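Visitor: Sequence order for the protein chains is Z and F.
The opening residue of the first sequence carries number 648 in this note's numbering; numbering runs sequentially from there.
The opening residue of the second sequence carries number 217 in this note's numbering; numbering runs sequentially from there.
Because the hints were derived from the structure by calculation, they are not lab data.
Stretches of chain Z that chain F covers, calculated by requiring three or more beta carbons in the stretch to come under 8 Å of a beta carbon on chain F:
| hint | region |
| --- | --- |
| 1 | 842 to 856 |
| 2 | 859 to 871 |
Simulated restraints, written as ranges between beta carbons of each label pair:
| hint | chain 1 | residue 1 | chain 2 | residue 2 | range |
| --- | --- | --- | --- | --- | --- |
| 3 | F | Ser592 | Z | Leu961 | 38 to 46 Å |
| 4 | Z | Ala746 | F | Pro539 | 54 to 62 Å |
| 5 | F | Pro539 | Z | Ser842 | 35 to 43 Å |
| 6 | Z | Leu905 | F | Ala398 | 53 to 61 Å |
| 7 | Z | Gln801 | F | His550 | 54 to 62 Å |
Remember, it's a predicted structure, so these values are computed and weren't measured experimentally.
Every residue, glycine too, gets a C-beta built ideally from N, C-alpha and C.
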Amino acid sequence: MTAAVPVARPRGQWLSTLARQRELSLVAILILLGGLVTLTAPQFLTVANISQVAVLASVIAVAAVGEALVVITRNVDLSVEATIGLVAYGVARVLELHALDAAGAIVLGLGLGLVLGMINGLIVTLFRVPAIVATLGTLSIFRGVDYLIAGSHQVPLAGLPEGFTDAARDTFFGIPYFVLVAVVVVAIGSVILRSTRFGRQLYAVGSNPEAAAILGIPSRMVVFTAFSLCGLLAGAAGVLWVMEFGTINGTSATGVVLAVVAAVVVGGVNIFGGSGTLAGAALGALFLGFIANALILVGLSQFWLQAIYGVVILVAVTADAFILRRLKRANKRSGSR
Amino acid sequence: MTAVQGVAMQPRAEMRGISKRFAATQALDDVSLDLLPGEIHALVGENGAGKSTLVKILAGVHQPDSGTIWLDGEATQIHGPAHARALGIAVVHQEPRLFPDLTVAENVFIGHAPSGRLGTIDWGGTRRAAQALFGQLDVQFDVGAPVRGLSMADQQLIEIAKSLSVEARVLILDEPTASLSAHEVERLFAIVRRLRDRGVSILFVSHRLDEVFDLCDRATVFRDGRHVITTATSELTTADLVRHMVGRTVELFPKVETPVGDVLLEVEGLTKEGVFRDVGFSVRAGEIVGLAGLVGAGRTEVARVLFGIDQRDGGEIRLGGVPVDFASPSAAMHAGIAYLPEDRHQEGLVLDFTIAQNVTLPILPRLFPRFFVRASTERKVAHDYTEQFNVRMTGVDQLVGALSGGNQQKVVLAKWLASGPRILILDEPTRGIDIGAKVEVHRIISELAASGLGIVLISSDLPEVLAMSDRIVVLHEGRVTAEIPRDRATEERVMFAATGSAHFDRADGSPA
Chain Z
648 MTAAVPVARP RGQWLSTLAR QRELSLVAIL ILLGGLVTLT APQFLTVANI SQVAVLASVI
708 AVAAVGEALV VITRNVDLSV EATIGLVAYG VARVLELHAL DAAGAIVLGL GLGLVLGMIN
768 GLIVTLFRVP AIVATLGTLS IFRGVDYLIA GSHQVPLAGL PEGFTDAARD TFFGIPYFVL
828 VAVVVVAIGS VILRSTRFGR QLYAVGSNPE AAAILGIPSR MVVFTAFSLC GLLAGAAGVL
888 WVMEFGTING TSATGVVLAV VAAVVVGGVN IFGGSGTLAG AALGALFLGF IANALILVGL
948 SQFWLQAIYG VVILVAVTAD AFILRRLKRA NKRSGSR
Chain F
217 MTAVQGVAMQ PRAEMRGISK RFAATQALDD VSLDLLPGEI HALVGENGAG KSTLVKILAG
277 VHQPDSGTIW LDGEATQIHG PAHARALGIA VVHQEPRLFP DLTVAENVFI GHAPSGRLGT
337 IDWGGTRRAA QALFGQLDVQ FDVGAPVRGL SMADQQLIEI AKSLSVEARV LILDEPTASL
397 SAHEVERLFA IVRRLRDRGV SILFVSHRLD EVFDLCDRAT VFRDGRHVIT TATSELTTAD
457 LVRHMVGRTV ELFPKVETPV GDVLLEVEGL TKEGVFRDVG FSVRAGEIVG LAGLVGAGRT
517 EVARVLFGID QRDGGEIRLG GVPVDFASPS AAMHAGIAYL PEDRHQEGLV LDFTIAQNVT
577 LPILPRLFPR FFVRASTERK VAHDYTEQFN VRMTGVDQLV GALSGGNQQK VVLAKWLASG
637 PRILILDEPT RGIDIGAKVE VHRIISELAA SGLGIVLISS DLPEVLAMSD RIVVLHEGRV
697 TAEIPRDRAT EERVMFAATG SAHFDRADGS PA
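The shape of chain Z in the complex, shown without the other chains (with noise of 0.2 Å):
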């Protein structure tokens, strides 16, 4: 055994390839479908119908990036969609009161998303509670508040200064407002997973939570800084949410997430942690907007929709279960000669 001795390259590379490159499989995937569809209804390849599709998909992703930092530490956040519909009451019922301007209501709306996305990391790292149990519980905890400040009140467009819910028509060069503060959020958020400390540490914690309290790296800390963020960019989606749709009451964003989650899975983040970019996540909620676009447009029922949500959501976590198989295969091989 002299240095550096070179040993063949490990079989099962392209499945590896193809393992980083759900982003790419995503967009391939996107434009097949498009194409497909357009034949049947033409009105699917319209700027207008895409711009419609690509904002609403757009909130949903900003929420994906967040939970996505969740996912890698190899927690959950069932919350976000409770913590989007506070945070968008709130943003709507204290604009309509006047008692703050249209800047301040935004800076409320982040701040009280950190603050909740806060107390979620707090008793996940501080109390030890399993995320997904207490996540459960803040979800009914968040959505409870909102409830009760709402009761049966709706702040309706009207209540909203003028021009506010223009942000979600405008457009910068033909692109969406909405899709930019998507690409700006994946785009800050991709470099810091990738180049800082604080990326590397969230992959480390939940690829291997052993090793990490070993090596010195604070894993709680790590873990309660990413459901903070988390919260931070719910708190955004929620105020995105209040001028997407101007009429909030306090049942706003029921349900949605599911799509938040279904978004970070298809996006290819293992739900095991350790894994996956928050391109991935981004595009996930683009593609399961398209699909429910595309569906509505050939002509399908609702029920459809939901069943084939589902079966779109299964084949993503299968292939990503295959080929993780196939490549701990391939891995095994090569590693035990």
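Place chain F on chain Z using the hints.
Guide: Only chain F this time, still in chain Z's reference frame:
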């Protein structure tokens, strides 16, 4: 040696010309092996030699590409694990695969419990039958208790009882002693010998060469998927066996004599309630201090306290004469202590990361004080450290999960060295890695000591501790029972102290 002298005895199991290929890897290339009735047959070889592939073929997990298996003279195709069991072939794995929430008796008879009238399971009969099986093995067991909480050794006995319950003709023991204490190994061996005397054919896969000589009648050596030799163990020496395994003569344990320097680490009266008590020793620069003892004697627990993972209840730790108190591993690391954990997969490495990412993980804050990570710096650091250790890899960007055990261990060592420690605590650094890599790890340890590090070596491999250590501190049930200098250290002395059976006074030869 019972059966071996018999001439022209029909083998219980005979494998001829077995080949097996996985994608690009020829795991087995035309190998043959025969198991006689009533013999214990050792199968040895380095990792990747093809031992486990052969075991899996015999157990029905894999089908050979070519070759024939005869059972009691009858050419047989083994279709799957269930078929293998039906044919009387049982495997006891290194890590028992039992259901922790079921009782001992339920585990023994899982899938074939005696049924009563109406076809329901006869639980009373199951318990009695399980009791009878353990009676045959001459061990006492509460068969109604759940398996959870039983020791690894006890769980293995349950696996053996399971194999008896299906009347196994061939029993395969796959590295059964890796996590057993010396006493438990003795008990296991007594049982295995009893089974042999009843005519069971036993295939014993092990990394521990002393066990091969102690227990086995014949030995077969594989290397790189090929059969090297099959011979009676009485005609072999350890040196022969090692030479057959690695294909060349290796110098085991190349210890470098090193002048010792100042005292780096002093431990005094260290106590953790219910785990260890009043543990004291010191480590000087350039010195390797062996921490010997049986599994469960408290060695790893002492190391965990030294590294700040667990907290002590009493006593003092001094580093360079200054009392220290580590609240966390990062505090210990900061003070210059590194700990290579017992289980490199669980605690040592992030398998999803590349080699470079693993090596720099503990030193990220120091390497990149400005929060951002630079890949080029990272790769350079990783390259420098892995090069010292001859890690076999395609490059530092290779995923660490794709490396062999020995190379992974070298990456763990590289990682800790990158943190620039003064004290290195090594917990079972060579467990489960093959001989070639083991010698390299030993060389690295010696060189590190020579460069002035103080090293604490925890190992269950007695020859390793004896050969590598300048001094050996022996623990028994959480107390130090002996401190033996290198020139007086013998296997007997250490074992006596480790089993608590002799009263070596602490002063016995302790330097200063």
